[in-house]
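**Student:** Go by the hints and put chain G onto chain Z.
Protein chains: 2
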Amino acid sequence: MKLYRKNDFPLHRVREHLETGPVVLVSSTFMGETNIMTMAWHMMMEFTPALFASIISNQNHSFELIRKARECVINVPTVDMIDTVVRIGNSTGGDIDKFEKFGLTKAPAAIVKAPLIGECYASFECRLADGSKIDKYNMFIWEVVKAHVSPSPKRPKTIHYKGNGEFRIAGETISRRRMFRPEIL
Amino acid sequence: MKLYRKNDFPLHRVREHLETGPVVLVSSTFMGETNIMTMAWHMMMEFTPALFASIISNQNHSFELIRKARECVINVPTVDMIDTVVRIGNSTGGDIDKFEKFGLTKAPAAIVKAPLIGECYASFECRLADGSKIDKYNMFIWEVVKAHVSPSPKRPKTIHYKGNGEFRIAGETISRRRMFRPEIL
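As given, the protein sequences belong to chains Z and G, one line each in that order. Residue numbers for the first sequence follow my numbering, so the first one is 1 and each next one is one higher. Residue numbers for the second sequence follow my numbering, so the first one is 1 and each next one is one higher.
Bound-form chain Z, shown alone:
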């Protein structure tokens, strides 16, 4: 797996990396314990502030770490990491250190305590913006407070879970820019 050198990325453009619906890896740290989980139930909510919602099942070892830390990092993997992504989703941080076990690189975040995953081309530092639906739905509403994105690949082959152990890989890019009203671009 490749290590990416990431640059600062504008917060209002975070949607360019999350709105297509990729599986993401969520890194978290609380009281010295660090973990990673896979997550596919998430959506953009607002451009500015950059709000983002996700469902984190309370069956996950990460749930309590994230709930208590009130912060996390959302990392976007590509298809070269698919086996690692599946192994992360099928093991528990209660038993193992996933960074060590899967040979992933912790890179320091700028604002939150949780590390970025060096092998992911994009990482978004998040702080809990609204926890009022955690108890009822396991829903976390995040504000992305710092974004890190590698300038390449331009068209990352993100992975999109469809259930039953199957993924779709992001394919062809099609532009219809000329058909858009300028104000909604």
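In short, the hints are calculated from the structure, not lab data. One or more hints might be untrue.
[What the hints assert, rightly or not] In the BS3-like style, the derived pairs of lysine-lysine whose C-alpha atoms are separated by at most 27 Å in a straight line are:
#1 Z:Lys136 / G:Lys6
#2 G:Lys136 / Z:Lys162
#3 G:Lys157 / Z:Lys154
#4 Z:Lys136 / G:Lys146
#5 G:Lys162 / Z:Lys157
#6 G:Lys133 / Z:Lys146
#7 Z:Lys133 / G:Lys136
#8 Z:Lys146 / G:Lys136
[Stated by the list, open to error] On the chain Z side, residues computed to face chain G include the following (Cβ under 7 Å):
#9 Leu11
#10 Glu16
#11 Met43
#12 Lys106
#13 Lys154
#14 Glu172
#15 Pro182
#16 Leu185
Where is the CB? At the ideal position from N, CA and C, for every residue including glycine.
**Tutor:** Leaving out everything else, chain G in the frame of chain Z:
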């Protein structure tokens, strides 16, 4: 555009068509007025009941129709409809009848008043399950109460918006089923 004959589909498997993050077309009806909007900010929330969240900007003509009707249909288009999808997103139902203007076919729903879109391979009838975050975030929490899916295509070329008028098309399907713990398949 092709018309699909859709079959009943199990509600707990709705994720197979929504979790990858496709752009969807939302049809709604209130007091005799029908409209369609495009939507990409959505996520699965629960298998049973089949809960699903979405952000519907109050700038959309559909917002008031949907808020008042408390129901809608989520339809999943494929890449053959991309120009129609973009035109729907760049026009307003305040000015035109989008079904008529774009030559789309209304098919009757089983439970809700809004029509299914005949040219979409999958349609999900939704009732509002929780409107408590509409005022603050434009967030609607839906229960899918009836699912209609065409048996083909097996691997629909769904379209995934990334901003700037650009879309990624769902590409290759990769299975890692053998690496999954049975209980999370």
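**Student:** State for each hint whether it applies.
**Tutor:** Hints versus structure:
Simply put, Lys136 (chain Z) and Lys6 (chain G) have alpha-carbon atoms about 33 Å apart, too far for the 27 Å limit, and the pair is violated. At roughly 30 Å between alpha-carbon atoms, Lys136 (chain G) and Lys162 (chain Z) are farther apart than 27 Å, so this suggested pair is violated. For the suggested pair Lys157 (chain G) and Lys154 (chain Z), the alpha carbons sit about 21 Å apart, so the restraint of at most 27 Å is met. Proposed proximity of Lys136 (chain Z) and Lys146 (chain G) is supported: the alpha carbons are some 23 Å apart, at most 27 Å.
Straight-line distance between C-alpha atoms of Lys162 (chain G) and Lys157 (chain Z) comes to about 13 Å, which keeps the hinted pair within the 27 Å bound. About 25 Å separates the Cα atoms of Lys133 (chain G) and Lys146 (chain Z), which keeps this hinted pair within 27 Å; it holds. Proximity of Lys133 (chain Z) to Lys136 (chain G) is assessed by CA-CA distance (about 13 Å); at most 27 Å being required, the pair is judged to hold. Taking the CA atoms of Lys146 (chain Z) and Lys136 (chain G), the gap is about 23 Å. The hint holds against a cut of 27 Å.
The restraint placing Leu11 (chain Z) at the interface with chain G is violated, with a minimum CB-CB distance near 13 Å, outside the 7 Å limit. Because the smallest distance between the Cβ of Glu16 (chain Z) and any Cβ of chain G comes to about 5 Å, under 7 Å, the interface hint for this residue holds. Checking Met43 (chain Z) against chain G by beta carbon gives a least distance of about 4 Å; that is within 7 Å, so the hint holds. Interface hint status for Lys106 (chain Z): violated, as the beta-carbon distance to the closest one in chain G is roughly 24 Å, over 7 Å.
Look at Lys154 (chain Z): its Cβ only gets to about 11 Å from chain G, farther than 7 Å, so that hint breaks. A hinted interface residue such as Glu172 (chain Z) counts as satisfied when its beta carbon comes closer than 7 Å to some beta carbon of chain G; here the least separation is about 5 Å, so the hint holds. A hinted interface residue such as Pro182 (chain Z) counts as satisfied when its beta carbon comes closer than 7 Å to some beta carbon of chain G; here the least separation is about 10 Å, so the hint is violated. Evaluation of the Leu185 (chain Z) hint against chain G yields a held restraint, the C-beta minimum of about 6 Å falling below 7 Å.
Checked against the numbered hints given earlier, this structure breaks hints 1, 2, 9, 12, 13 and 15; the rest are met.
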